[in-house]
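Student: For the protein sequence lines, the chains are A and B, in the order given.
Note that the first sequence covers residues 90 to 888 in my numbering.
Note that the second sequence covers residues 26 to 699 in my numbering.
Derived from the structure by calculation, the hints contain no laboratory data.
Hints should not be assumed to be uniformly reliable.
[To be verified] Below, computed lysine-lysine pairings styled on DSS-like, alpha-carbon distance capped at 27 angstroms:
1) B:K61 - B:K541
2) B:K104 - B:K357
3) A:K446 - B:K557
4) A:K167 - A:K207
5) A:K632 - A:K276
6) A:K293 - A:K229
7) B:K381 - B:K357
8) B:K541 - B:K420
9) A:K632 - B:K381
10) B:K557 - A:K632
11) B:K420 - B:K542
12) B:K357 - A:K207
13) A:K190 - A:K239
14) A:K183 - A:K239
15) B:K680 - A:K446
16) B:K541 - A:K229
17) B:K104 - A:K441
18) B:K557 - B:K541
19) A:K190 - A:K446
20) B:K84 - B:K61
21) B:K381 - B:K420
[Said to hold, decoys possible] Quick partial rundown of chain A residues pointing at chain B, CB under 7 angstroms, derived from the structure:
22) Q351
23) V355
24) D378
25) V380
26) H738
27) G790
28) H793
29) Q807
30) Q810
31) Q813
32) E817
[As the list claims (entries may be wrong)] Reference listing, derived: stretches of chain A covered by chain B, where coverage requires no fewer than 3 residues with Cβ under 8 angstroms from a Cβ of chain B:
33) 514 to 528
34) 635 to 642
35) 797 to 803
Quick reminder that beta carbons are idealized off the backbone N, C-alpha and C, glycines included.
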Amino acid sequence: MYTAAKRILTLLLCALCCLPAAAAREEAFVPTVRHTKPAPPQVHITEQDLSAYTLLYETSDAEYYWREDRDIIAVLDKANGYVWKTGADIGFPKQVQSRVKEAESAEEKLRLAEPLEKSMNSTYIGVANSLITAEYRDGKTFYAGSAAEKGVDSLLSAIPGEPGRFLLSVDFLELQLRVEVEVACLKKGLRYDIKADGISGPGKSKLTAIWITPFLGASGGEAAYFDPDTGDYGEPRPKYAPPGYAMVPDGSGALIRFQDNQVPFVEYVGDVYGQDPAIRTYYASAASDAVPLRNPLMPVFGIAHGDRQAAFVAYAEEGAEYMSVVMRPEENLRLKYNFCYPRFEYNVEYYKVYNRKGSGYFTMTDEAFRYDVRMVYLFLHGDGSDGSPAADYTGMAQAYRRHLIEEGVLREAQPASPDIPVRLDFILSDMKKSILGHEQVVVTNARQVGEILQQVRDSGVSNITGSLTGWQAGAETLARPDSFRFHRAIGSEGEIARLFREQAAQGATLSLAREYTLLNSRMTSYTNVAAKHINTWYLLHDKSWVFPSAPISEFSYARPDVAASWVREIARRAAPFSTALTVSGITGTLTSSYDRNGVSLTLPDGIRAVQDALSQAGQQLELDLVAPNLYLWQTVHRFLNAPVGGSRHVFETDEVPFLQMVLCGSMEVYGPYCNFSFYTREDVLRMIDYHLYPAFILSYGPSHLLADTLSGDLYSTQYEQYRQLIPEIYGQVNAVLRGVGGYKWVSRFVPQAGLVVNRYEKDGQKALILVNYTPSALSFEGQTVGPQSALCVKEAPRP
Amino acid sequence: MRRLTAGILLVLALLAGACPARADKATSFTYTLNEKGRHVRTQDAYLPDKTITTLGLAKPSDLFFAADGSLYIADSGNKRVIIYDPETGEVKREIRHQEFSAPTGIFVTEAGRLYVADPAARRVFLFDGEGALVRAYEKPDSPAFNDIRYEPMKVASDAAGNLYIVGEGVYHGVIQLAGSGEFLGYFTVNRTRLTLTQAIQRLLFNREQLSKLVETVPTTFSNVFVDRAGIVYTTTMSTGFNPVKKHRTDGGNMFTSPVIGPEALSDVWVDAQGLIYTCDQTGYLQVYSAMGELIFYFGSSVVNLDVAGLYSRLPALAVDHRGQIWTLDMDKGYLQSFMPTDYARTVYSALGLYEKGRYQESLSAWQEVLRLNQMSVLAHNGIAKAYFHHEDYGKAMEHFRVAGNRPFYSEAFWEVRNAHIQRWLPWAAAGLAALAAARRGLGRLRKKRGAMPPGARIAARLRKVPLICDLSLALEAPRHPVDRFYEVRRKRRGSVLGASILYAVYFVIFMAFQTKKGFIYQFVQVEDMDIKALVAGYFLMIGLFILCNYLVTSINDGDGDLAQCYMIPAYSLAPLMLAFCMVVLLSYALTYGESFLLSIILLSGAVWTLVTLFLALMHVHDYTVKETIRCLVLTVVFMMIFFIMALIVMVMGEKLAEFLRTVYEEVMRNVYGS
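So here's chain A without its partners, still in its complex pose (with noise of 0.2 angstroms):
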């Protein structure tokens, strides 16, 4: 035994020497260009001493281990010998210093000597090592770990018949709750079970949230090491950390590579779908400054070791919406870790307002949220060149769509054309103050957009999709959503009708575009229509600062059920003019609703709600969504606004096309409009490399004649100054896009600093896109590709 310890110790010390500090800082400052690093360095794979744990479960790939005094399931990837870990497995000081106190022998001693973590308390040691952790409230927020040194009690037991389904159950004594996770061992892979009725006890009502195995994957630490020479612990020192990042779903992805970081870094926190704005802190919220946030708009996080060795992806299947990966790099909350875990919420502390001045105080619900949740969670080995899903981002992008598939979530799909689409959308009208009320400004009418679809095909450019905005009497700002009368200014219904067939008899598909989520009090009555606070207020949204001259500034929230309707009404009024409709706002803003009973809508009630509304108005027209959250990819045509990059979080070291990865194949993807800092050089080659589509909005007459209204951040939309860029950028992006249709979107790797290449597949045959985003010249087996352009390189079939 004494032998096998000391090899371990040994094999570890000698990764810690022989490395260069993985974690260690790989450059001075984190620059823009954040899409064009290499992959990381290599993770030594060494042995690992799995002497205190017991075998639970084998399977053809992997085996299962368990350890009961620290609640840490090891999983063996046996197809490179990797042990991950659901805990950072550490001993508490006192417990091992005891140990090693009452050892016997030297031996003795030097078997017990665990290591001892420096940068935890006791209550994050239990944290770190434990299968859950309960998140609640009392006055300030508390942690308890399921593995906690005192106060908690767990107990993993088989499910008779059930081999490989494991119970585990975990009573918080101080807190006074139950929690029972079922724990299901996949071929290669986890899955975790909360059910609603799981969670009980007196405690329910101050649990704000359940954390589960928040240190899988985790890397860094420090430690003091049991020196045999002296009998004691030396000085402590950074442990071995393995290199690698997590990928977190912020915006189209990034990656956190683990770092040793010399400031306390703020967390990042996504919350899936958004917040939910029923839930906040305050019911009021103003539009600032600052670029919002990038919703995660899928369930989906993951952490890679190494450069594509191992790696692991996991995914909400149930509970999505009310799920937030936490990404914790080194030195936030001092801790010497990076970590990133999913949080399911039960409760928030909001503020009860109980009079119009606005007097309140600080409160939660009675009751929490109720929902079952499941988690999965896949590992990945190698670099996919067994067929397997390679053990990176790409890889993770990979089993995740091939799960979104399986569940029917997303289908494969072959592209109609073999040239490109290009979206251009169009803005018609928008309301401003008036002498007698309000007036109603025209930029462009249904023979305008006709003139200018026509010039754009005259340029060239034949694969056209788009909407019009702005359309009814009192446009997006003061028509009700439901409304479906033409301002007359626009055309007539009839010329409306015909500038449609006109248009897909041409090939260009056009449709109706409206917003559903935003409403005002001008539009419709708030009564059963906006959604409440969950202080049971109207939610309220001010833009005041944005348009400081636009006829309105205060808006509110539509419930989604009642939003689902007018979608439906809409779809159906629409269907007689177009084969496609346009939906926003709905479809990546997700609320509750409350009422003084509690609450009166449930995220889950608003998902099935507007899930059935699109899948109705789906079997009739081609769904365009903007930016939609995934639980209505199932219905979607078209993505439009699809996002690039992430939030910029200070620490977020990659920004990577995760997204894209996951939908390309299924649907058309498109980037954000190029009128509004989305058209330089480097943007179109970003729109390749992450296979998106170019959009434009455009109206005939000049933006500022929009200028006083809710458009009025519309400001370069004129189309005689897009006239030529739109086929330029069309162009240049089609050349090499064109070349890939219908093809596998497989793998993206960075071979050298600013150079891509993405791998596609299709029946045998290999394509490279190689995106050189430097000023020059840069090759790749053999292709050379100017500087920063791009170029599409097909391999012949194989035999």
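Fit chain B to the supplied structure of chain A, relying on the hints for placement.
Tutor: Just chain B, lined up with the frame of chain A:
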């Protein structure tokens, strides 16, 4: 229990939502000013570039780019100055000195000499290019400086070696020292700006009362900078009015128009082109033209987030030779750089070309800016000025109009009008002469035949219709007030219906006067007007005058009844309304320089109306001049009393309504839960 107002409840929507129309590179929106001087969004001007978190900075407070491209950082918390190489990302050198306590201001000369201001050490240190201390500037021993605190916070130096020092809490001005350390005086000082209350107190209080008030002192400077041309720039805290100044050698401000900026400006930098960069502590960065016009601003403050380009506290900025802005986050210890976008570069290029008088080249650059932002006031102005210099006044007018630039629009309009006059004047003169000759001929012919002028018969018939007769009184009364109002008194002419129609017509004229003037004279756009207030104001004023006048005349033995009181203003206001009509029409034909004509017309109309009103009151109520004056004064006093009472009632009514609404809502909430 905590109480928060609804305003406080407004939280930043950083976590809220949708932002439909933009790319994802920037972390804050860029704003510029629109033609109304309001902040509007524009294309991203700068993008966050490098975030350097590894320098171990503690409370860094100043930055400076030396001529060799090295970035000097005053790392106050660590009592040192770092010399950082932005190209390699390496720290080249550290400058430490045993007397450093908390260096907060640095300045590097062209020759590489480093000045360090340390308020805690109460010295300014001067180091040579090798980092050796040359001398320390201690408190000057001049008698004029005896009672002044000497805690140098920021420092700058000109080519002659003079020092400009911003001292902590020194409101006397920027301390100017000679290179020898001799106190030269205060280079410039901020003027004391009194609030309205303070101004009234100054006017009314005696010396004893004034002595009890808190002394009003000028706002203190927050930073000082000397550019390559030796021009001194300063920033001032706690004021949004001229927070940045560009000084003449005598200390005066070179900016002729007021510069509007944030109230917490902390630093200023000027590049080789003369562009002025400032930042304020709350996390915003501004760029001004050499003339002090705001080009754009961006940035934001943030709490509990580490997002590149958003700040918890922003104390300093510096700009490198490539135009990249470098900044510090004081609380987090980050160094953050920003890269100018193509949009910003194009704007700067256009500005530079225009300032050099290369109008044709600037035109194409401005057109590129306009392509990216059709609402850009700068671009419209630039294009318009270029057209103006090319004598294409029509196009210049078009762009000046979008830019809201009335003075220049007026100049262009004058040229256009002049051209029209020159072109059409002979024709117009000939036409008028022909018209006059024809009229004269026709007149003679009618005289010979004894015929009436055309329409005279119809007019005579119309005058017999009572209502038309009553309406025409509005035009007759101002010309013959004594006779006409005598007829009103005798109830021979005038009617309530006629007066009501006139009030309606006047309302239309009044609204046209408010909203339909030509661009040069229509200073407030309809969308920015409070239409309800205008409508209410019109009817309230007239209604209140009639009511108060009736009450006053009733108790002062006036002969007129309520109906006559109602008619008097209607038949007196015609001159003013006529003036309104003329002003509206002429506003389309006159330039800025001719505004006196409109003033004269308005004044004449107002005086004529007042005289008519005065005579009307006198004759209808059979008053003497003295009684009429008293009646008018009392009417105005009554109107004011009514107005104040109405305000009180409105406020109380609102409170009552709010109380009832709250009770109702509470009841509904408690009974029905909604």
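Student: Any of the earlier hints contradicted here, and which numbers?
Tutor: 4, 5, 7, 9, 16, 17, 19, 20, 27, 31 and 32
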